[in-house]
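Residue numbers (UniProt numbering), protein chains in the order written: chain Y, 1 to 251; chain V, 1 to 390.
Incorrect hints may have been included.
[What the hints assert, rightly or not] 20 Å max Cα-Cα, derived DMTMM-like pairs, lysine to aspartate or glutamate: (1) Y:Lys36 to Y:Glu230; (2) Y:Lys130 to V:Glu320; (3) Y:Lys10 to Y:Glu33; (4) Y:Lys19 to Y:Glu230; (5) V:Lys299 to Y:Glu161; (6) V:Lys165 to V:Asp105; (7) Y:Lys19 to Y:Asp77; (8) Y:Lys26 to V:Asp387; (9) V:Lys169 to V:Asp148; (10) V:Lys62 to V:Glu239; (11) V:Lys102 to V:Glu160; (12) V:Lys299 to V:Asp105; (13) Y:Lys153 to V:Glu11; (14) Y:Lys36 to Y:Asp237; (15) Y:Lys124 to V:Glu320.
For the record, the hints were derived by calculation from the structure and aren't laboratory data. What you are looking at is a predicted structure, and each value in this text was computed from that prediction instead of being measured.
Here is what each chain is made of, one letter per residue.
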Amino acid sequence: MTGHTRVHGKHGDFAIEAKGLVKRFKSGKSFVEVLKNVDFDARHGDLTMVMGPSGSGKSTLIAALSGLLRPEEGRVDTLDVDDLWKLSGSRIDKFRLDHCGFIFQGFNLFPALSAIQQVEVVLKFQGLSKADARRQAQITLEEVGLGHRLHQKPSALSGGEKQRVAIARALAKNPQILFADEPTSALDGENGQVVIRLLRRAATEHGAAVICVTHDPRLEAWADRVIHIEDGVIIDDQRRIPNPDATLASH
Amino acid sequence: MSLALSTLLYEWRRYMAAVMALALSGLLVLAMTGVFIGIGKGFTATIERSSADIIIMQPGAKSLIGGPSGVPRRFIPLAYRNPAVVEVQPLDGAGGSFQSVKNVDPTMSQADRAKMGAPRQEFVQTSIIDTTPGAVTIPTDYSQELVDALRQPYTVAIDETATRKLGVKLGDRALYNGQTVTVVGITRGYPNMMQATIIMSRDTLRMVGQADTGPRVGPLMVKLNDPSQAERVAAELNEQGDGQWKAWTRQELADANAGAMFEEGILVIIIGGCVVLGTIIGVAITWQTLRGAIMANIKEFASLRALGVGMGSLQWIVMELSFWVGCVGVIAAILLTLLLQALALMGAVIIALPLILLIIVGGGLIVIAMLSGLLSLGILKNSQPADLLR
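With the rest of the complex left out, here is chain V (with noise of 0.2 Å):
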């Protein structure tokens, strides 16, 4: 072990300033980065996890949030005439409102009802299902009970996270565009901290008269007889179409709808705004801990300058030091993350940490620590041998 290594080791508290400086910084920008990752992810979860292989677009769309995603009707059995295509389905959903009504006379007014403590209306965003044994629309972790439960006309499901901002539990009854539907399922896995999703089967929502049922229909979901050959079926539907649509596969359009969040101003002077001030404090007190550390051992620096080490020597000392500091800082940087990532889904609210993420932070908080190292080398100079003999 060097010796850069075996000191950190050794005088772990003399680096922990430095250490949580940089895990601090990292959670900040891993944290908002992650959570607006995760706002857009709310939205699309139930795509993402669906068994669609291939999703198919209109050709100007970037992802599923935001811009022109719909294509004609016709389209579907253009798609079925690729031999590897076995379901297509259009993805479908609407939006409107849902009033608890349990305990509260529904037709009160807004205000009478407040007065009574009833949950509020709410606006939720509503995604679909098609109930049929193994549809391409139905999410990989949904279970059959929930499936067949949902398969029953004018019911819904929510997520868990949601039951207590819609104010209903299992079995109620609500209303929902001022219909009456049952909570049938709760799930799992499906936070949304911007708005409420509720999920209910393809027939339910054209019984509620939101279904598309004209020449224009949502992005397509297909599913193929072999998973793994999803590029190479995109490739092949995408030269089929003739730019009349684009395929994209299940892991594109994952990628891109993270990417997605990232095309707002707003967000980019955020995020850019934290790693900012995520740099300058980790440099200021990574830099300032490791010039302390450096001043504690420097007559045994000096006694090594006196054996006839050189400065660059010692110099490559302090950066290899620094090195492992930036590293000991990333893992805690991300073990803080999952923790507060634990913490937070429990409040409904994802943090997305796509590895890309991890190693693009991971990677700054390092040249972070170097860059400090490279600080705290004019500290050095005060390893004068000669004021070892006194």
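This is chain Y alone, in the form it adopts within the complex (with noise of 0.2 Å):
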């Protein structure tokens, strides 16, 4: 682990480097330590999968690398900013605001929008005019595959078109960084293999750095890059190399 997080990294540049995370949670009258001095990184055009058993810490890490759950200990330098954990709560926010994309495993989308205002909501907030939020958000939800499906509100969506409105939703900011948890879990094995594919592409043609939490090992053939973490310690860190084309069967 060398070198420095860069906002408009090249491929294989690091994009966010973690060290010595420790994060406890109060249970009863003791602490239980979900992180224990965890190092991690994730680099630019990787997919990186952080694959683990339920209460291993592997949300609550990327919860700490994303902003989102301060760490008792350690830093996170990320892009272009040293110690994220450093900057006051609104400046976290406009980081994740400016950098960063979300996607969980619920599809949290208003019930009373349509999917391309789903997606326009987050533009408009990023300081996008109306006219260019309608437009950047049609590009995405065309590219997520849901040209065809832009004015319906998520009543009239299926499961695994839900997921790709939030997908769109994410990636439509054009994020440096994207987070997944458990995106897959809620939908089959057909609409679980469009998501891990688009979660593909944002890394390999948009250069972001993904991050995935799942515990569905049959994700491991599109990854870049398999962490394993087990009572909040990172066991196994591998290499690997991707196949794009690997199907996903129903689960």
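Two chains, two frames, a set of hints: combine them into the complex.
Okay, here's the thing in structure tokens:
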């Protein structure tokens, strides 16, 4: 782990570098250490898979990396920011708004908004004009294969389509870092495959550092790098050649 | 369309409780205030709808109701000195007992008549018109037939809402202060919930012995050759009167009459109580509804937080949402009040809704909604994106 993280890094440059992360949660009278001195890094253009059983600390890790949950110890250097946790809360929000995309297991779409509006809302907060936001939202939704569903509300969309809207919402900002938390676990095999391919493409074509937390071992086939975490400790870190044509059998 | 407005429209059922709470708070205040203004209007409708452009009263008068309003008779020729004035008539009126004599011998005692189920003797307010064609005292919505009928001696007209109370119908005879009068006209749109009003000609009033014949007369009703000049002529008349009288335009007087009711302390207490009650109920229900609605979308808000949308922006969304809830509440309040107004009119109760009242109450409702929004902002703290990572 050498060199510094950069905003517009080439494939392989560091996007995130975290050192000595410790996170404890209070449980009754004692503390449970969820992250135990974890070092982590992720590179531009990589699809980095963080795997582990539930309770292993993988979700806490990406919460700490993305500025959502303050770790007790350790530092996170990310893109052009030295030590993310030294920034104020609003600066961290701004950093995420400018650079980070998020995809969750639940789709978390506003029931009142159509697909294109879901994406537009975030872009407008980023400061795009109405027309630019609409154009960008349409392009991104077409990219995830929803060009024909632009004006449907979530109630009219299937689970896979909803997750694709959520992905479009995260990708439309052109994030340098994309966090995904169990993005396929609410989906069947076919839709899961569509989703993981989109994440793969975000890394390969847009050069984003994609960090995907999952417990589904079948997703490994698409990953550049697979990190296993257990009981708050990284026990395994392998690089591998991804197979973009892998297929995901039905759950 | 904004996120807040789309959410309100799409999930309107969720916000219904808040909208109804606001609407009912608004209805409470609008209806109570409107009824009191309406009571005043019941007494002054005949004057306010006359063709008088200017009314001249004593300098100290604050409205037509109460206060010294009559003037010396010699003011009538003085008012004519302004070239714009074409007609001046003193307002006259009286009050008296009114007894239906239909089917019942009027010479029987009250007790005997009551046993026979006869209508009770009622005390009525009497207003007059002049029956000369186009007279200034004739309300503009009176038909020529009505004026012609009232020109006959000992004839009266009553409003349709008073026929049941007075126990008479068109063509019936009745006793007014012991003298026989005939009901020759039924008016529509002149209800008075406090006291029935009967209309007669100035000549009939004189014949029943109640007309002003002395040196003092009622307020002077003044007709101009050009009604659009009322404000200018009123100013001229005031200058001419040199402090002896005060000339009001009809609109000024109508506004003053509406406000006059609120000089009664008890009315202020009743309406003040309604405002306080309405505000508390409105804020409590709207606040809780907004909290619930925000909690229902808390994951979506949290996902926006994760994408970097700041807490301030989410608070802004909530405030915008409460503003729109307030606007819908105002519309609902006004519609409900109009409905109640129509129902009340059937029972001869006027609910007067001047625009200024609607604006004040509407603005108040939006303030209540925004206040509820402010109170709900705390709930946004639950939009922790880290909670979505499970």
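Each hint tested on the structure:
no. : hint                 : verdict
1   : Y:Lys36 to Y:Glu230  : holds (10 Å)
2   : Y:Lys130 to V:Glu320 : holds (18 Å)
3   : Y:Lys10 to Y:Glu33   : violated (35 Å)
4   : Y:Lys19 to Y:Glu230  : holds (17 Å)
5   : V:Lys299 to Y:Glu161 : holds (18 Å)
6   : V:Lys165 to V:Asp105 : holds (19 Å)
7   : Y:Lys19 to Y:Asp77   : holds (9 Å)
8   : Y:Lys26 to V:Asp387  : holds (16 Å)
9   : V:Lys169 to V:Asp148 : holds (18 Å)
10  : V:Lys62 to V:Glu239  : holds (18 Å)
11  : V:Lys102 to V:Glu160 : holds (17 Å)
12  : V:Lys299 to V:Asp105 : violated (81 Å)
13  : Y:Lys153 to V:Glu11  : holds (13 Å)
14  : Y:Lys36 to Y:Asp237  : holds (16 Å)
15  : Y:Lys124 to V:Glu320 : holds (16 Å)
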